[in-house]
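Student: Chains as they are written, first to last, in my numbering: chain L, 137 to 426; chain Z, 92 to 499.
A few of these clues could be false.
What the hints assert, rightly or not - Taking lysine-lysine and the DSBU-like style, the derived pairs with C-alpha atoms no more than 30 Å apart in a straight line are:
1. L:K248 with Z:K139
2. L:K248 with Z:K201
3. L:K248 with Z:K282
4. Z:K274 with L:K248
5. Z:K480 with Z:K274
6. L:K248 with Z:K403
7. Z:K197 with L:K377
8. L:K248 with Z:K370
9. Z:K197 with L:K248
It is worth saying that the hints were derived from the structure and are not from the lab.
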Amino acid sequence: MDFTSFLIQLLNSVQYGFLLFLVASGLTLVFGIMGIINLAHGAFYMFGAYIVWWLFGFTESLTLSILLGVPLIMLLGLAIERLAIAHLYQRDHLYQVLLTFGMILVLNECQKIFWGTDFYSVPVPEVLSGSIPLTENQVYPVYRVFISIVCMLIAAGMYLLIQKTRLGMTIRAGASNREMVQALGVNINWVFAVVFSLGAGLAGFAGMIGAPVSSVYPGMGDQILIISFVVVVIGGIGSIKGAFIGAMLIGLADTFGKVLVPDFASMAVYATMAVILLWRPQGLFGQSAH
Amino acid sequence: MSNQHNKGISRRSLIKGAGAAAGLAAAGSIVPSRFAMAAAHGNKAPVKVGILLPYSGTYAMLGNSITDAMKLRIAAAGDMLGGRPVEYVAIDSEMSVPKAPQNTSKLVDKDQVDILVGPVHSGIAAAMAKIVGKRKQPIMIVPNAGSNAVTGPLCAPNIFRTSFSNWQPAYPGGTQMAKDGHKTCVTIAWKYAAGRQMMDAGADAFTKGGGKVIKDIEVPFPDVEFQAFLSEIAALKPDAVFAFFSGGGATKFLKDYAAAGLKSIPLYGPGFLTEGVAKAAGEAAEGVRTTLHYSADLDNPSNVAFRTAYEKATGRVANVFAVQGYDAGSLIVQAMAAVRGDTGATADIISAMENANFIDSPRGPWKMSKAHNPIQNIYLREVRSGAQKFLGVAAEGLEDPATGCKMA
Numbered sequence: 137m138d139f140t141s142f143l144i145q146l147l148n149s150v151q152y153g154f155l156l157f158l159v160a161s162g163l164t165l166v167f168g169i170m171g172i173i174n175l176a177h178g179a180f181y182m183f184g185a186y187i188v189w190w191l192f193g194f195t196e197s198l199t200l201s202i203l204l205g206v207p208l209i210m211l212l213g214l215a216i217e218r219l220a221i222a223h224l225y226q227r228d229h230l231y232q233v234l235l236t237f238g239m240i241l242v243l244n245e246c247q248k249i250f251w252g253t254d255f256y257s258v259p260v261p262e263v264l265s266g267s268i269p270l271t272e273n274q275v276y277p278v279y280r281v282f283i284s285i286v287c288m289l290i291a292a293g294m295y296l297l298i299q300k301t302r303l304g305m306t307i308r309a310g311a312s313n314r315e316m317v318q319a320l321g322v323n324i325n326w327v328f329a330v331v332f333s334l335g336a337g338l339a340g341f342a343g344m345i346g347a348p349v350s351s352v353y354p355g356m357g358d359q360i361l362i363i364s365f366v367v368v369v370i371g372g373i374g375s376i377k378g379a380f381i382g383a384m385l386i387g388l389a390d391t392f393g394k395v396l397v398p399d400f401a402s403m404a405v406y407a408t409m410a411v412i413l414l415w416r417p418q419g420l421f422g423q424s425a426h
Numbered sequence: 092m093s094n095q096h097n098k099g100i101s102r103r104s105l106i107k108g109a110g111a112a113a114g115l116a117a118a119g120s121i122v123p124s125r126f127a128m129a130a131a132h133g134n135k136a137p138v139k140v141g142i143l144l145p146y147s148g149t150y151a152m153l154g155n156s157i158t159d160a161m162k163l164r165i166a167a168a169g170d171m172l173g174g175r176p177v178e179y180v181a182i183d184s185e186m187s188v189p190k191a192p193q194n195t196s197k198l199v200d201k202d203q204v205d206i207l208v209g210p211v212h213s214g215i216a217a218a219m220a221k222i223v224g225k226r227k228q229p230i231m232i233v234p235n236a237g238s239n240a241v242t243g244p245l246c247a248p249n250i251f252r253t254s255f256s257n258w259q260p261a262y263p264g265g266t267q268m269a270k271d272g273h274k275t276c277v278t279i280a281w282k283y284a285a286g287r288q289m290m291d292a293g294a295d296a297f298t299k300g301g302g303k304v305i306k307d308i309e310v311p312f313p314d315v316e317f318q319a320f321l322s323e324i325a326a327l328k329p330d331a332v333f334a335f336f337s338g339g340g341a342t343k344f345l346k347d348y349a350a351a352g353l354k355s356i357p358l359y360g361p362g363f364l365t366e367g368v369a370k371a372a373g374e375a376a377e378g379v380r381t382t383l384h385y386s387a388d389l390d391n392p393s394n395v396a397f398r399t400a401y402e403k404a405t406g407r408v409a410n411v412f413a414v415q416g417y418d419a420g421s422l423i424v425q426a427m428a429a430v431r432g433d434t435g436a437t438a439d440i441i442s443a444m445e446n447a448n449f450i451d452s453p454r455g456p457w458k459m460s461k462a463h464n465p466i467q468n469i470y471l472r473e474v475r476s477g478a479q480k481f482l483g484v485a486a487e488g489l490e491d492p493a494t495g496c497k498m499a
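Isolated chain L (complex conformation) (with noise of 0.2 Å):
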């Protein structure tokens, strides 16, 4: 390989972390912060995509479509919190796993119902629609660009508000005594309700900004579950940033396997995770006793 299609493969690498962590940030957010085992959350991309393509029809605007759907997603993932997964949190994983998986079946379902089993297409907009020309036949769409820096806006996002505002600071805190929190007065559901949906938003806002470019297809949302639960394993458990460098690490293993090693290149991933797990079984920055 020469250094031109290195450097290539090492965007394209880049660029898929970017996407990965959009789509896991929602998890680690539920996961992560708040110990909530969510299967659903592929299913909560789908559904985002779906409903961007549906409201496109109306408006015949991405922008407007995703600012009238991520508000959607969240009332969804605050339904579906307060009517089932409220009542498990003291209960043992298992539970959360068993719910969240029958929320998967349900919400296929319903999207065959509302919207069939085409596939469709959502298009790219017009101002984001051109190129970046690499090499004399190869250029980079603006809007892989473009998503790659919103990623970037929302991880900043993410971080500042857990770490630094005080509704972040709760939500650390819920995570790790609730009855302490709720002791001194704090309404623990209210502020579990705002990261679920938070979390629900976060993957269908993801579902919807990747529309373009991934179309529209039932079982969408499974594909990028499993690798949404690498991403977050990888970076630890409660970390963000082991996030963002877990989302990299895996576009970085699954980009240069396909080139270098193609025979073993859906191993490559995890592969990946097992070795990191080997080495530090917390993830690369989780807390060793959680």
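Got chain L sorted already, so can you dock chain Z onto it with the hints?
Tutor: Just chain Z now, with coordinates in the frame of chain L:
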């Protein structure tokens, strides 16, 4: 630590629930059994048609197209097969090869279907063919899966196919690429049975036409992150690219290919690359040349009538998968008429199916080969202005070599 405000299931509500369940079970036992319902149809037990197709995931559209078209054809015969009503039993294959044996077993052993229709996925087809071929019954009709083995080493008297073998639509594609003057190409497809067989066929034809395949790229199935491979293709600078993807993956591939600026390298492939996805892929599909045993704009009267009827019945536009399902329905109707509904006369059904008449198929006239695969025309198509345009016949009456089939 348990939260005392949590309402668990109280004993009272448990008893109430059990009572309700028992009541429902009792009510269920007086619902008419299969034969009681048959009595209502005039003492004719229904012909059971089992269906194993994907109704979820990226190939869901294919499963629905095949099912709807097959039911349309059988409905056109009055929903009667040889004078008996029809009963469908459908299972979502979920595109899962590990679940295929148990799904097949449920349909043939537990539900005792008379005819088994399916699947879409080539890997599942091989699994089904092994089970059904060994038992010699029921009759199995493959409405899509192109696995060469199904009418090759795994062929059996009770297995028929109304679609194609992976070799069939791909081989003329390679020939066309060479004919269009391209000297080097890169092949790229998902790493599974269908992808491998189509790429081998296309590469074989291209090489025989004087071309050279400079790289064969295998994408893990069903991964749709193509960026790394597209960069590789750009670095290799081939004259043309030969690709196979289907469903949601095809849409994404077409869009990513165009977005990476690779449109200057002509894209070829078996028709599934653009079938049913040309609209969703939009601009990105322009100019892509594909070879397939069907083209939407074929102007024979059967095709025109079929497309109108299909769109009226389902609200969707017909595609090659629907045509395959339609012909599967036609095969069942003809065979059942020939044996007057006697689903036990396996040898007669097989004989009827081998000689079934497909002169009026929407894809043009075709017939069953000795290996029970269609001998059919392969058409050259190109996407122009968002629609599939029929350019001509790429191969006439093409028969799959059926290597390894004992019946051929």
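Student: Each hint: holds or not?
Tutor: Here is how each hint holds up against the structure:
As the CA atoms of K248 (chain L) and K139 (chain Z) are separated by approximately 26 Å, the hinted pair is consistent with the 30 Å bound. About 28 Å separates the Cα atoms of K248 (chain L) and K201 (chain Z), which keeps this hinted pair within 30 Å; it holds. With a C-alpha separation of about 28 Å, the suggested pair K248 (chain L) and K282 (chain Z) falls inside the 30 Å cut-off, and the hint holds. Proximity of K274 (chain Z) to K248 (chain L) is assessed by CA-CA distance (about 45 Å); at most 30 Å being required, the pair is judged violated.
The suggested pairing of K480 (chain Z) with K274 (chain Z) holds, with an alpha-carbon distance near 25 Å, which does not exceed 30 Å. Between K248 (chain L) and K403 (chain Z) the alpha-carbon distance is near 20 Å, which keeps this suggested pair within the 30 Å criterion. For the suggested pair K197 (chain Z) and K377 (chain L), the alpha carbons sit about 49 Å apart, so the restraint of at most 30 Å is broken. Taking the CA atoms of K248 (chain L) and K370 (chain Z), the gap is about 20 Å. The hint holds against a cut of 30 Å.
Between K197 (chain Z) and K248 (chain L) the CA atoms are separated by roughly 25 Å; this keeps the pair inside 30 Å, and the hint holds.
Going through the hint list in order, the structure does not satisfy hints 4, 7.
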